[in-house]
Structure formats: structure tokens, C-alpha cells
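A.B. asks: Work out the full structure: start from the sequences and follow the hints.
Each protein sequence line maps, in turn, to chains A and B.
Residue numbers for the first sequence follow the numbering used here, beginning at 1 and rising by one.
Residue numbers for the second sequence follow the numbering used here, beginning at 1 and rising by one.
Hint data in this document are derived by calculation from the structure and do not stem from the laboratory.
Treat the hints loosely; a few may be bogus.
Below, a list of computed lysine-lysine pairs in the DSS-like style, where the Cα atoms sit at most 25 angstroms apart [stated by the list, open to error]:
#1 K196(A) x K331(B)
#2 K204(A) x K161(A)
#3 K282(B) x K331(B)
#4 K168(A) x K32(A)
#5 K331(B) x K168(A)
#6 K168(A) x K196(A)
Now for the letters of each chain:
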Amino acid sequence: MIDLLGQTIEFIHNASLLHDDLVDRSALRRGKPAAWTKYTPEYAVLAGDYLLARVMVNLSAHGNIRLIQETAQAISDLLEGEWIQDSLVRDMSVRLTDLDRVHNLKTGSLFKWCLRAPFIAKQRLDDRLLGRLEECGTILGVLFQRSDDLLDFDVRNDEGKAILGDLKSGYLNSFSVWLLSDFRENDRPRFERAIKCQSLGEFKSAIGEQHFESRLHDFDQENQRLIDLYQHRLQELQADLLPEEVPVTRDLKELPQLLYWQKRN
Amino acid sequence: MVRTDRFVTLTGDDPRLRLHLMGSDGTRGDRVRPVLVSSLNPHLFRSVQLNEWTFEYVDVTALRRPSFFKVWLLALRPETWVLSLAPMVSVLGLLLGTSTALSVAEVVSVISGIIALHAAINLFDDYHDHMRGWDRVASHGGARVLAQGWLRAGEVRGVAWALFATACAMGLHVLSKRSAGPMILVAVCAFLAGLEFAVSRFGLKYRGYAEIAAWFMFGLMLTVGLNWALTGSWSLSALALGALFGSVALLAIHLKNFENILTDGQARLLTWPVRAGFDASKTFTVLCAGLLMFSFALVLVFVTPWPERLIALVALVSGIGPLLGRVSRIKSPVAGEMRGLYRGALRLAWLLFAGFVVGDLIHFWGDQFVSML
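C.D. replies: This is the structure we're talking about:
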């Protein structure tokens with residue numbers, strides 16, 4: 001069962017990456033040529049579809065209908081999130097709550113599945129347990145995405161992600177919105193200047209270095225609040241776990257720190 | 001450092017829940033306020049019914065709260081008053097124009113009573129949504145002054161009751177001057193409208209009937225009801241005005257539900273936009289606009305055809321054009337242009353209302369001026 005669950009999430013995730021790279025026209029994935037460039041766009045699409053089909057074949061052979069429903073819902077949410085996110089390109093009035101909703105669909109769906117699926121596979125179908133796991137998954141998804149959005153501004157960018165890629169392609173990510181919302185409301189010319197910047201230096205100059213650092217500090221505080229909320233939810237969750245399941249929370253405790261701060265406690 | 005003591009989760013049967021919902025934890029006085037934590041998973045709190053509330057203990061001084069005046073302005077939502085004010089004032093204008101005897105006191109009582117009742121309904125709406133836990137869902141709509149911890153639930157409830165009492169007093173004043181039967185019927189209808197829009201007593205919104213309810217309650221019920229209450233008879237003019245302002249309310253409620261199509265869909269709430277889908281809801285907006293224009297044509301036919309009505313027509317067209325253009329440009333349920341659709345419909349309502357008022361004033365002063373000559 002562990003292998004099946006692990007394979008399922010890897011297939012879903014990789015299918016989404018195969019399609020994503022083609023949709024975004026990204027040439028590289030993990031430092032290597034993306035599948036659609038190495039083979040053809042048609043093969044990339046078909047390979048992604050094949051992986052999703054294999055997920056359904058493998059899970060249906062196992063026979064847990066609830067698990068199949070959960071997986072289908074996760075895939076549906078993932079695709080819905082991708083679709084909606086794509087529609088937000090060049091939408092300069094998007095808000096953080098809107099992006100959080102999208103991230104909850106696109107990224108949170110997979111984290112939620114990872115937390116809930118093992119319990120569903122064991123027929124642990126208590127609404128409260130699954131609800132609390134879902135809330136934890138949502139927080140992990142939002143934190144992961146916000147951390148990824150910070151890379152666009154070279155914050156804790158250990159993996160060397162391209163700078164200002166989102167902004168240059170007309171997409172306001174969560175940190176852009178956090179940085180620029182005041183200007184969007186009160187200083188439109190400055191906002192317009194900032195979104196047209198081609199380099200990080202130019203961008204910081206447009207909005208002010210001090211403003212950038214101050215807002216980064218606030219953003220980190222807000223996300224630390226989410227981490228605290230996650231830990232609280234994890235504590236509440238222990239009341240729903242069987243004694244042999246409680247150790248799982250020790251591993252889950254480390255996750256938000258890893259995802260957001262990219263370090264262990 | 002992990003601060004898990006800043007949050008607490010209470011179940012529905014926890015004796016501390018009500019105190020927390022009212023804005024206090026019972027131990028730390030006024031400097032710390034429990035603020036409800038909202039979720040991005042609406043179905044957990046609407047359909048699955050996860051019976052728990054998570055609060056964050058927030059230092060009141062750290063709350064980024066607007067000024068006292070602005071907070072109450074947000075809570076009272078005066079921009080929505082037009083939905084009940086416009087139909088009532090248009091009927092008053094109609095009656096004054098046909099030389100129906102109305103005292104200044106009566107007119108003031110009707111207008112202030114309507115404003116007080118509508119403001120009370122807005123506050124009760126927020127209060128009941130908060131106490132039922134619907135603030136646990138992050139969504140558009142409502143003032144969210146309670147959800148953000150800017151006001152305590154007890155304060156909102158107290159002011160709501162005071163406004164309701166004021167509305168009743170104004171109603172009793174008019175009742176004392178006119179025949180009781182029609183007035184009582186209008187009062188009962190207003191009370192039923194209040195129950196639906198303040199407390200969702202009949203759940204019409206979540207069965208896809210909110211728009212129809214709005215068309216009737218903010219339209220015919222108000223115009224025909226008031227006309228009957230003040231004159232003892234009904235008229236085609238009042239019907240036409242009811243159809244017009246009912247259509248405005250229908251458009252406004254539809255756009256309000258359309259703004260929340262994603263959240264309501266996730267919560268499995270069967271509003272009309274959720275049932276119909278994204279594209280069909282956009283089409284329905286166009287149909288509502290068509291109904292509005294048709295209703296205005298009825299007004300031109302059945303309400304004294306003053307040329308000054310054209311001022312209202314210009315106001316209507318100048319408001320509806322940009323609104324329809326905006327709806328046609330929307331590409332997704334979270335697009336920036338989705339936000340503010342309801343406010344756009346309310347702006348249209350205010351424009352139309354202003355058009356009627358200006359037209360009535362010009363007509364009235366025009367008559368006076370001519371008679372002086």
C-alpha cells in the first residue's frame with residue numbers, strides 16, 4: 001500500500017509537471033531539458049495523460065472507492081487551480097486571498113492528498129480527522145507556494161531560480177501582491193513602473209529598498225503565523241490519532257519549517 | 001519559536017465558544033481579542049459540518065483597524081441602502097407628483113424607517129453569519145468587521161436592535177396616520193424579508209431563489225405595498241416602479257452570488273451561479289440588464305411620462321454599459337474584475353435613484369416655476 005500511494009502521488013505530480021512545462025513553455029526542468037523539448041509536445045501531453053490513467057488503473061485494482069474518489073478530486077483540484085492561475089496572467093488587480101485559493105487548489109490538493117490518503121487507505125474515514133488533515137494540507141500548500149514565490153525575488157534562492165520570471169511574464173505572485181498592494185491602491189504610477197522592471201535592482205529601486213525589506217519581514221511574520229497555526233492543528237490532530245499513529249506527527253511537525261524556511265528546527 | 005498558545009480550537013458544545021464568538025476569552029479582558037481563523041476549505045464548514053472553531057488571540061493594539069467611523073460605515077454598508085430606499089422614495093415622489101396629501105413628518109418617517117431597517121438587517125446579517133460560524137470561510141461579501149476582530153459581536157447586535165427599534169417607531173408613526181391593514185401587511189412582508197436577508201431563515205439563497213426573492217421583496221412588495229399603505233389603493237405606476245427596482249435588486253444579488261461562485265461551489269452551496277455555471281452566469285447578467293431596460297420602458301409607459309424620466313434613462317445606460325463590459329471581460333472566477341461586481345451593481349442603483357430624484361425635483365420645481373409665471 002505504501003508503494004501504491006507513493007507511486008500514485010509521483011505519477012500525479014510528474015504528469016502535472018509534464019503538462020505544466022509545455023503550457024509555460026519552460027525549456028528546463030530540474031536543470032535538464034524539459035520533456036516537451038527533448039521529445040515533442042505531443043509526447044509530453046500523452047505521457048502526462050498516460051500517467052494519470054495509470055493512477056486510476058492501479059488504484060481501482062486496489063478497490064478502495066473512497067481512495068479513488070479522493071485521488072480524482074485531488075487531480076481535479078490541481079487542474080482547476082492550474083487553469084485559474086493561467087487566467088490570472090496579466091491580471092494586475094489580483095489579491096492575496098485569490099492567490100491563496102488558487103494555491104489551495106493547485107498545490108494544496110497534493111499535500112492534502114498525501115496527508116489524507118494513508119488514512120483513507122486504512123479505512124479511517126472520520127470526518128473530523130480528515131478535516132483536520134485537510135486544513136494542515138492547505139497550510140503546507142500555501143507555505144510551499146509562498147516560499148516558491150519568494151525565489152522570484154532572490155530571497156533564500158539556493159536553487160538558483162530565475163529572478164523576476166513571474167513578474168516579467170505578467171503574473172503577480174503572492175509576494176509581488178504583498179509588496180505592491182499599497183502602491184496599487186495609493187500610488188498607481190509607481191505600481192506601473194514596478195511591474196515593468198526587468199531586473200531585481202531596478203525593481204527594488206522602484207519601490208524602495210527599505211520598503212522591500214520591511215515588507216519581506218512582514219511577509220515572513222505572516223507565514224510564521226501560518227506555521228504556528230499548522231502546529232496548533234497538528235496538536236489538535238493528536239486527539240484523533242490511534243496510539244500507533246501519533247509518532248507520525250513528529251515527522252509532520254518539521255514540514256512547514258522545511259517548506260518555508262528551507263531548514264529544520 | 002512555535003507559539004501554539006496563540007490559537008485555540010473549540011467544538012460546538014464548548015461552553016467557552018459563545019464567549020469567544022462574542023469577542024472575549026473571559027480571562028484577558030479587553031486587551032486581547034479572540035479572532036476567528038478563516039479557512040480556504042469552505043466545504044468543511046458548510047456541507048461536512050466540521051463542528052469546530054479556531055480562534056487566534058490577537059492583541060487589540062496590533063489589529064490594523066480603520067477608524068471608528070470607518071469601521072461602523074463598513075458594518076452598516078450604506079451603499080446597499082439604495083436597494084430599499086430607491087423604490088420607496090420613487091413611490092413617494094410619484095404620490096407627491098399626483099398631489100396625494102403627505103405630511104413632511106410622514107415622508108421623513110418612511111425614509112428614515114427604511115434606512116434604519118435596512119441598516120439593522122445588514123448588522124443582523126453579519127452578526128448571525130458570525131455566530132453560525134460562516135465567517136470561518138474566507139469569502140467575499142459581508143463587511144467582515146466581526147471576522148477581522150474590528151468590532152465585537154455584542155456591539156453589532158446592540159446597534160442592530162437599536163436601529164430595528166427606530167424602524168419600528170417610524171413605522172408606528174406612519175401607522176397612526178393611515179389605515180392599519182395595509183401597513184401591517186407591509187410590516188409583515190418587511191419582517192419576512194428581514195428574516196431571509198438577515199438570518200437566511202428560509203435558505204432561499206442556497207436553493208437558487210435569492211434573485212427571485214430579491215426581485216419581489218425589493219421591488220413589488222415595497223412599491224405596491226407602500227403605495228397601498230399610503231393611498232388605500234394600488235396602481236400600475238407602482239407596479240411598474242416595482243418591476244424596475246426589483247430588476248435592479250435582482251441584478252445586484254445575482255452579481256453578489258456570481259462574485260462568490262468559486263467559494264460557494266467549493267462549499268457545495270447551490271446558488272443560481274453555482275447551478276448554472278460560470279459562462280451561463282455571465283449570460284444571465286446580460287439577461288438581467290435586458291429585464292432592467294424592459295422594466296424602464298414600462299416605467300415610461302405607466303408612470304407619468306415626464307421628459308425628466310429621461311435623466312434616469314441616461315443614468316441607467318451610463319451605469320449598465322460599463323458593468324456589462326466588465327462582466328464580458330472576466331475570464332476566471334478569481335479574476336480581479338470579479339471583485340466589485342456587486343459594488344458596481346449598487347453604483348448603478350444609486351445612479352438610477354439619483355436620476356429619478358433629479359427628474360422629480362426638476363418636474364416639481366418646473367411646475368412651481370411655471371405656476372409663478
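A.B. asks: Taking the hints in turn, state whether each one holds.
C.D. replies: Structure-based check of each hint:
1. K196(A) x K331(B): Answer holds: K196(A) to K331(B) is near 23 angstroms, not above 25 angstroms.
2. K204(A) x K161(A): Given that 25 angstroms is the threshold and the Cα spacing comes to 18 angstroms, the pair holds.
3. K282(B) x K331(B): holds (10 angstroms)
4. K168(A) x K32(A): holds (22 angstroms)
5. K331(B) x K168(A): holds (21 angstroms)
6. K168(A) x K196(A): holds (7 angstroms)
Consistency with the previously given hints is maintained throughout, with no hint failing.
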